[in-house]
Amino acid sequence: MSLSLEERRTFRSSVDGLLSARASIAEGRHLASTEHGFDDGLWRAMAELGWTALLLPVELGGVGTGMAEVRVVLESLGERLVPGPFMSSAVLATGALVDAEASADVTSWLDRLGDGSAIATLALPLIPTLGDSCLWPEARLAPGGWALSGSVPEVLHADVADLIIVFARGAGDEDDLVFALDRKAIPHHMDSFPLVDQTRRMQTVRFAESFVPEQMTLARGAAARELLRRADLRAAFACAADSLGGARAVHAMAVAYAQERVQFGRPIGSFQAIKHKLASMYVDLVSSDDAVYEAAEQDDLDSPGAIRLLRSAAYHALEAYPRIAGDAIQVHGGIGFTWEHDAHRYFKRAWVNRALFAGSERLRDAVAAELFSAPVGA
Amino acid sequence: MSLSLEERRTFRSSVDGLLSARASIAEGRHLASTEHGFDDGLWRAMAELGWTALLLPVELGGVGTGMAEVRVVLESLGERLVPGPFMSSAVLATGALVDAEASADVTSWLDRLGDGSAIATLALPLIPTLGDSCLWPEARLAPGGWALSGSVPEVLHADVADLIIVFARGAGDEDDLVFALDRKAIPHHMDSFPLVDQTRRMQTVRFAESFVPEQMTLARGAAARELLRRADLRAAFACAADSLGGARAVHAMAVAYAQERVQFGRPIGSFQAIKHKLASMYVDLVSSDDAVYEAAEQDDLDSPGAIRLLRSAAYHALEAYPRIAGDAIQVHGGIGFTWEHDAHRYFKRAWVNRALFAGSERLRDAVAAELFSAPVGA
Amino acid sequence: MAVVRDTTDAYRERVHGWLLSNRPEGWREQLKTASQDEVVSFYRDWTRKLHAAGLLVPHWPARFGGEDRGLAEQVIIQQELSRTQSPRPRTMAIALGHAAATLMNHGSPAQQRLIAGILDGDVWCQGFSEPQAGSDLASLRTSALPRGDVYVVNGQKTWSSFAAHAAFCLLLARTDLGAPKHKGLSFFVMDMSLPGVTVRPIRQATGSSEFAEIFLDDVEIPVAWRLGQEGDGWRTAQTTLSSERVIQLVELVEGLREAVCTMAGEAQVQRTHGGQPWAQSERFRTDVARIAIDVEVLSAMTHRAMGNLIAGESLGAAASTLKLFFSELLQRATQIAARMSGLGGLHDPGEPPDLGYTSGDWFSDHLRSWTWTIAAGSDEIQRNIIGERVLGLPREVASQ
Amino acid sequence: MAVVRDTTDAYRERVHGWLLSNRPEGWREQLKTASQDEVVSFYRDWTRKLHAAGLLVPHWPARFGGEDRGLAEQVIIQQELSRTQSPRPRTMAIALGHAAATLMNHGSPAQQRLIAGILDGDVWCQGFSEPQAGSDLASLRTSALPRGDVYVVNGQKTWSSFAAHAAFCLLLARTDLGAPKHKGLSFFVMDMSLPGVTVRPIRQATGSSEFAEIFLDDVEIPVAWRLGQEGDGWRTAQTTLSSERVIQLVELVEGLREAVCTMAGEAQVQRTHGGQPWAQSERFRTDVARIAIDVEVLSAMTHRAMGNLIAGESLGAAASTLKLFFSELLQRATQIAARMSGLGGLHDPGEPPDLGYTSGDWFSDHLRSWTWTIAAGSDEIQRNIIGERVLGLPREVASQ
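Residue numbers (this note's numbering), protein chains in the order written: chain A, 6 to 383; chain B, 6 to 383; chain C, 9 to 408; chain D, 9 to 408.
Read the hints as simulated data drawn from the structure, not as lab findings. On a predicted model such as this, the values are computed, not experimentally measured, just so you know. The C-beta atom is built at its ideal place from N, Cα and C for all residues, glycine as well. Treat the hints with care, as some may be off.
What follows is a set of in silico ranges between Cβ atoms, one per label pair, in the way DEER data are often shown [stated by the list, open to error]: (1) A:D307 x C:R91: 19 to 25 Å; (2) B:D307 x D:R31: 31 to 37 Å; (3) A:I30 x D:F223: 53 to 59 Å; (4) A:D178 x C:R91: 44 to 50 Å; (5) D:G358 x B:S378: 46 to 52 Å; (6) A:E106 x D:E46: 42 to 48 Å; (7) D:E46 x A:D307: 54 to 60 Å; (8) C:H355 x A:E375: 30 to 36 Å; (9) C:D17 x A:R234: 23 to 29 Å; (10) B:R234 x D:A18: 30 to 36 Å.
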């Protein structure tokens, strides 16, 4: 379902409204020292406004819109450096569950994800082709289900997730698998991995012969790999949308500073060295914006043209954000290098966004592989 | 033999003196339409001042100085876009002949190269490891010598060379070889390859079962490969020195233009956009200068540290020249893009310098190979 | 946006089919050795042929010879011209773009009659830059002083594309010598056959002579050929300029897309210093991938800008942003391709005709990319525009 | 030049041997978890030990505690410290560099007695930048007004390295409030234990707190502790600054050289998204090679600048050129290394001690590289200096 221009404008202003009221950048800084690192109350408010049900089809009780609306939320969260599991739960995990041919068990989870009463997360393999990595957990057939062993590194907000979607290698001749693990029911061990970006929490989850009932299998074989392919693209898009929002905010901070900071008797923004730097950053920003916007409008993870556009948009926005944040520090000079200033927080989120889910290089390399496997002159 | 500071100063001013008097940039433009593309009279004058004998040891009647003095000449020729076979004959071919354990035949050639009465050139394989390329000529044993077949592409000033130094693959079990070919005595065919840089002439030389007498063999096997290794480094250095001179001249042109051209009521050089571009070009230029200078001072083609420095200096100067020349066009604006202006002539020589002798990438790749074959943590 | 995306596939198929049957075979090779006269004449014929098939300007109003279709169709035509490797009438760019748009928006009925000539292949040129007014375009000196029912024009214009072949010129000249900077300028249609007009081709760094100088010596332009109000020339010239640039970019993006495929193809054959095909170099493959990625991004940028144009919104700084992004990308793409070609790619092309910005002679293309970073507002000027007009940064003290 | 190159290998061997026997084992790991006090104390001990062995300042005149050797020996020491992976006393950089050089050149006999303290490990800091005077350093506001035999100092300094641990500060303050810009400044040695001096550490973006603010509240500096003439402070502070920066670069180049080896080593172990070691990526290998090449170039630049210093020539713009080249290279090198480390390299280091610019925590090193592009004359200021003082381009209208 696609919103009308008018509905979309209303949606955007409701997003702005809630976040302006309840998610200041300063607040995010304070949350870094709390246990889970995000604002539960804000999460509930977001759920009440239906944000957690954006990707859920109408027939399952969701809002049933698409990436264009998800982009609006992710961008706004990125702009304000809002911490929390929106991306991992409402976008990545929910998207994957909807993609899967879901059993009744899974559908009941979708209800709870949609109304925000449960949180899920998605663990993507670090190496995108299943079956290559020894880091990746292995599933062995067991009576009534599977025994899962091994570790899943770098899972976003696993500490608060009720459900973890995990890709696993089948032992022996068994095929690749995707599970939706009820965290309370599955024995596991969890280690936190504190990031330079304090607005993001991440854990490594370990299993040792943990029993997973058969009905929590989301997909097998080709279907599992297809789920992974789409989840990987959606993750790239989501990180890019967050990056775009952050880039916009940190660029605006630099512009504002250049207008007010006076050196040599003039605002520093009147010097071409600064003015042209800010203009180049703007080109980087606007090009990311247009590309992410078009990819969101296409909302298509399957056709080759749309995939090329999505990868390109995501790569460009993920690469632009660290450049823009670094240049913003330069424009701010010394003050931009202090802990109290927010510039470094954007810089760090920019680097984490780019590195998440095996990093932006995978997108560039996929474009290269496509270009060079094409027949000569095609 | 190393010159004293005072002697070096004298040498430099004699180089400047001759070239200022007889090798204007405009003159070079005119020479492009002549048969061989360079000024014979200037060549003889250079020889009379001993420039063609710089690399020739004193015991063979030469000046016996080293790369530091060669650098001065090459830089000055590059500064003025002087056409002619100095690099190919007096540096590359002479250097390789001196390197070889020379027979009496070769020594007599060195006499003539040293006094400028003969011209030589050096054909380096396009692929630096002998024996890989099917383009490279093949030598078959023949009574009293060798029969040479195949083509030697991209040889500088072969049309005026009396002697051509050629690397060849031995047929069958025969080892790699280096020959000094008397062009008048050896049957061959020659095709011109006109370059965008009209100050350089280049030919492809073809042989078909051409007989080469045994005494013109300069080296075989390991000695041939050693000759090639040193010739390749010397070629990199020589192109870099030319590039440095050209970069200096084209940068100076851009600085002068920025001082005099007025737009918006001010000299354009007062705008930071132009001022900082010229400053960045200057950093590129000075760093090339220092690196090439240090490499010339070391004058060492054998020790690993000196080789690393030489490759680095050459790579940097070869890459800096096209950047500086391109930026110089930008600073000049429209006028810099006309055929009548010299900026494009520097730009083109910059590109040819970088592409000569298999291109600057070979230097970067050699540094990479060295770095990554070293034991971990070394 | 919806307008662009919903255009029927049927239209695309019709365009595609027609081009496959009608594109001149081997035209690229043929043009490489053609004289400039032959090139101009080739593109004139092709323009007429496209127009006869309704594939030249379907987005124009019917009363001017179009079909009242949307810009979306024009985008499709550009894409299909690219996909079928058909020629695009380069010499007609000003005529079909800035000239036609200006005539439609500001022309008198008499002036608008010139549009028919454009559809018949008349070449137009622009008379904007002058030797002393490059980046500082508002400081033009060419004068057009009223005398009776004519303006008497004196001065010199430069960097005018295809001026040697143009029937008409869009001329910007100073009608009020006292007014400051761009206040005293007026805009004219100048018949290039008028007495006193002399054209001298400029040979460029690439060896081509696409551009020319125009010397104006007591040229008498009838008052009726002034476009818009006297003294309002700057605004009149600018009105349609940025939209036309964006439309032009649609074609250029498609050219870049083709270029990426050509590079990938050549990389299977061209060899590195190590003797391997460039296609086996990870560095090269990923460099080309980054070009391909940026082409997608640029395509999204032009697509969104076209959407805004179609929706009747103003472009704002989009023209500057697009131009900067494009010129930087073109320079980088052609550089990578030229490096792949090695010494073999540095073969002297002599005095080649200008076959566009991605002609496949990569070194010449690379050098030609400086016309994009310099002309029509240099990169530096574009950054000033963005910094001051979009970001609201203070102007430099000196230019206030 | 000859002086540097001909220095005997014997000296190098002696230095190498001593360091192998005396460098503290495992110091790097130990410092990573140390408090800043512990770091300062560690470097103080190491400074004393080096000095006792004659390996701290052999290039100083004997009367100040040196051995009258040349700068060449200092270069060798820096190289061997790097080669043997021994610590370099970072916290002592100002004391051993700018402070000592200033005291030797401009100090009164009484002031020069402080040099002995430096050799015993006294930390010095600089009091230059102020919140309102970053790039525009000449607009300092901190005042030092004469009253009897003291100057009464009021104001605030910022970005002073290791000020919290410093015994003395090289202070630049305004003694003539009427004089324009840098004409009214004087230079002082300020005892950090004087009443009215308050230091507040600045936590940086990296989490470290190497820098501090210094608040000056009616601090009374005796007239005898003024360095050079009143009103001549700007010149006095600058005299030795650029030479000291070049000498400091010798150490930093060696650090970069080590970093390249470390990166190449880590690339055998760290894996790309494709699961292969980074060392198998041609793109990565060639990126690192370009860093290695630039390190060689920078090394040649410092070598030549040192040669000129030894020959007694003026540095001219070399300090600006070197700083620009270095800061750009450092930023690029640490970026490539940080990208190799992936998400694993984005582990929060907490509040780590500052272990230099190539500590091996690549992301922190990368972020820290902005101190080079911003501090001590930003990249923009350096380009202004080169453009105006070296290339002779006109100053901007506004700053005339």
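Handout entry: Pairwise beta carbon distance, D:E46 to A:D307, judged against the given window 54 to 60 Å
Key = holds, 58 Å
Problem - Pairwise beta carbon distance, A:D307 to C:R91, judged against the given window 19 to 25 Å - result: holds, 22 Å
Problem - Consistency of beta-carbon spacing, C:R91 to A:D178, with hint 44 to 50 Å - result: Given a distance of about 46 Å, which is inside 44 to 50 Å, the answer is holds.
Handout entry: Distance restraint evaluation - D:G358, B:S378, Cβ atoms, bounds 46 to 52 Å
Key = With a Cβ separation near 37 Å, D:G358 and B:S378 fall outside 46 to 52 Å, so the hint is violated.
Exercise for the section: Given the hint of 30 to 36 Å, check if B:R234 and D:A18 actually sit that far apart at their C-beta atoms. Expected result: Holds - the Cβ-Cβ distance for B:R234 and D:A18, about 32 Å, lies within 30 to 36 Å.
Practice task
Go ahead and decide if the range 23 to 29 Å is satisfied by the Cβ distance of C:D17 to A:R234.
Solution key: About 27 Å separates the Cβ atoms of C:D17 and A:R234, which means 23 to 29 Å holds.
Problem - Outcome of range test on Cβ distance (A:I30, D:F223; 53 to 59 Å) - result: This hint is violated: roughly 28 Å between Cβ atoms.
Handout entry: Verdict for A:E106, D:E46 (Cβ pair) under range 42 to 48 Å
Key = About 60 Å separates the Cβ atoms of A:E106 and D:E46, which means 42 to 48 Å is violated.
Exercise for the section: Indicate whether the distance between the beta carbons of B:D307 and D:R31 respects the range 31 to 37 Å. Expected result: Because 32 Å falls inside the window, the suggested range holds.
Practice task
Can you let me know if the beta-carbon spacing of C:H355 and A:E375 is within 30 to 36 Å?
Solution key: holds, 32 Å
Consistency note: the structure conflicts with the earlier hints numbered 3, 5 and 6.
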